[in-house]
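S.K.: Each chain is listed here by its residues.
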Amino acid sequence: MTDAEFVRAYDVVGADFTNAGRASTSIKETLKNMGLASTLVRRVAIAAYEAEMNLVMHARRGTMTLTVTPGDVTIDVQDEGPGIPDITLAMQEGYTTATPEMQEMGFGAGMGLPNIKRNTDVLEISSEVQRGTHLMMRVHVS
Amino acid sequence: MISQTHASPAPVTGAGSPAPVVATLGDIRAALEADIIWCPDLTTPVYGVVAADLMSDVLVDARPGFVLVTGLANVQVVRTAAIADLAAVVFARGKVIPPAVLELARESHLPLFRCQRSLFETAGRLYPMLSGRAGNAEGRPPA
Numbered sequence: 000m001t002d003a004e005f006v007r008a009y010d011v012v013g014a015d016f017t018n019a020g021r022a023s024t025s026i027k028e029t030l031k032n033m034g035l036a037s038t039l040v041r042r043v044a045i046a047a048y049e050a051e052m053n054l055v056m057h058a059r060r061g062t063m064t065l066t067v068t069p070g071d072v073t074i075d076v077q078d079e080g081p082g083i084p085d086i087t088l089a090m091q092e093g094y095t096t097a098t099p100e101m102q103e104m105g106f107g108a109g110m111g112l113p114n115i116k117r118n119t120d121v122l123e124i125s126s127e128v129q130r131g132t133h134l135m136m137r138v139h140v141s
Numbered sequence: 000m001i002s003q004t005h006a007s008p009a010p011v012t013g014a015g016s017p018a019p020v021v022a023t024l025g026d027i028r029a030a031l032e033a034d035i036i037w038c039p040d041l042t043t044p045v046y047g048v049v050a051a052d053l054m055s056d057v058l059v060d061a062r063p064g065f066v067l068v069t070g071l072a073n074v075q076v077v078r079t080a081a082i083a084d085l086a087a088v089v090f091a092r093g094k095v096i097p098p099a100v101l102e103l104a105r106e107s108h109l110p111l112f113r114c115q116r117s118l119f120e121t122a123g124r125l126y127p128m129l130s131g132r133a134g135n136a137e138g139r140p141p142a
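So the sequence lines, in the order shown, correspond to chains A and B. Its first residue numbered 0, the first sequence is counted upward by one per residue in numbering that gives the first Met the number 0. Its first residue numbered 0, the second sequence is counted upward by one per residue in numbering that gives the first Met the number 0.
Worth flagging that the hints you see were computed from the coordinates, not collected in a lab. It is possible that part of the hints are untrue.
Claimed, not checked - Label pairs and their in silico Cβ distance ranges: (1) A:Pro69 x B:Arg92: 18 to 28 Å; (2) A:Thr87 x B:Ile35: 46 to 56 Å; (3) B:Arg92 x A:Glu100: 17 to 27 Å; (4) B:Ser117 x A:Gln102: 44 to 54 Å; (5) B:Pro97 x A:Ile86: 30 to 40 Å; (6) B:Gly123 x A:Thr62: 39 to 49 Å; (7) B:Ala29 x A:Thr87: 47 to 57 Å.
All figures in this text were calculated on a predicted structure; none of them were measured in a lab. Ideal Cβ positions, reconstructed from N, Cα and C, are used throughout, including at glycine.
For reference, chain B alone in the conformation it holds in the complex (with noise of 0.2 Å):
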């Protein structure tokens, strides 16, 4: 039911340097092909993605900076990757976003993109991106 991928611990507030950067929201669109519902800032560092439908489970495993793919479109996302400090959701499957939605995301200021992709597929091109272990292990650079 999920699934979660991360290249390096994600930021956290007081001492120490920021973890390295390895992908911005921008490089996921692009990879994704996917369309921006809103996003004021496609340099945002994004630390890792968390893949599922089920917001408990979100609430689990993703961490600081992750982007959120999911099938679900509902306000509950929206609050769910907000509170979790999550940098973005992808809403994959051309999921149609209720204009509740993207209200909240705005006032949340939580950026929303969406992918006509599968959610396996959305996740899968994710994958090696900010993996660190997929493409790098067989030698081919990041997507």
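Chain A extracted, bound-state conformation (with noise of 0.2 Å):
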């Protein structure tokens, strides 16, 4: 990898259940490719990925925009939609308002933030209610 800083950002749609997961796959392929190590790949792969599902489940809609440095691989989530009126009570494994539909799809159990939490070393989420939610997540290279 060069000095140089790589940014891709991808667009996502809510409630698009046949592509949702599609923005984190070629996430994943576009660091498999820079030659990333698979653990690493693998860490920010999980937590994009739930990332967006939480998007695609929650949210109209929302960019994820990867940035890959030298030191650090770091994914910003900005979407469109209701926000979280509570973040601590989010951060908390089983605590979940998604609907039995999103649950059917197997998500929406409460794990997604907890694990985007466990699988990097920085994770800032700040939200608006009624406006969106903004994640910023980052993992180092190292």
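Each of the two chains sits in its own frame; use the hints to bring them together as a complex.
M.R.: Laid out in structure tokens, this is it:
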């Protein structure tokens, strides 16, 4: 990898379960092709996929932006949606606002945000109710 | 909702020797008398099994090279397995596989099998083979 910063953005559409996961799959392929370690690629891919599923389940639309530098892999997820009224509560395993339909897809068990935290070195969440949510997830390359 | 068993640490890229292979996809297929939906290589190594219908749990508990046994048959199962570097998916209870699932599996290079047995029995048949405990602890060879 060169010292140059690599940036790529992916549009994600809410409630589009057919394509949910495409952005994360593409992010994973991109990182693999850069020659990053498979353990790191897997951590980023899992965090990205959890975030993408959250976006598809809860928001109207959003963007995932992958930034790769020699030291870090960062994914920013910005959505337009209902926002998270209580982030502390949302970080607790098992807390969910998912509908039964979402849970039939195998998601919405209140594991997403805790699992993102588990797979990343830095996680920052900011949210405005009725506006949207921003996640910044970062994994160190070392 | 989820059960998990593995015989050895999954392989890690980088230094060190790879984990010993305790089973292959061919062994899994034979033990379950499963149909091959799509599998380009039955010699692919398997390092453990995770049985779940909740993909959130799979993302937490599965390790690279595991086989996912599930009763859920939708595209998110394939997405989840591919993201988590799993070796294959076994659909229990003779699930009908939608064409979109098969198409995505081929695209993702993810082998698929179908077993007529229940999720419980499917996982149970694999347990002695991959736990390294259940069968061996009683002096019986792995299935």
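S.K.: Would you mind marking each hint as holding or not holding in the structure?
M.R.: Hint check results:
Between A:Pro69 and B:Arg92 the CB atoms are about 48 Å apart, so this pair departs from the stated range of 18 to 28 Å. A beta carbon spacing of about 47 Å between A:Thr87 and B:Ile35 agrees with the range 46 to 56 Å that was offered as a hint. A beta carbon spacing of about 21 Å between B:Arg92 and A:Glu100 agrees with the range 17 to 27 Å that was offered as a hint. Distance hint check: the CB atoms of B:Ser117 and A:Gln102 are about 21 Å apart, inconsistent with the given range 44 to 54 Å.
For B:Pro97 and A:Ile86, the Cβ-Cβ distance of about 36 Å falls inside the hinted range of 30 to 40 Å, so the restraint holds. Distance hint for B:Gly123 and A:Thr62: a CB-CB separation of about 45 Å, consistent with the stated range 39 to 49 Å. Checked against the given bound of 47 to 57 Å, the beta carbons of B:Ala29 and A:Thr87, roughly 50 Å apart, stay inside it.
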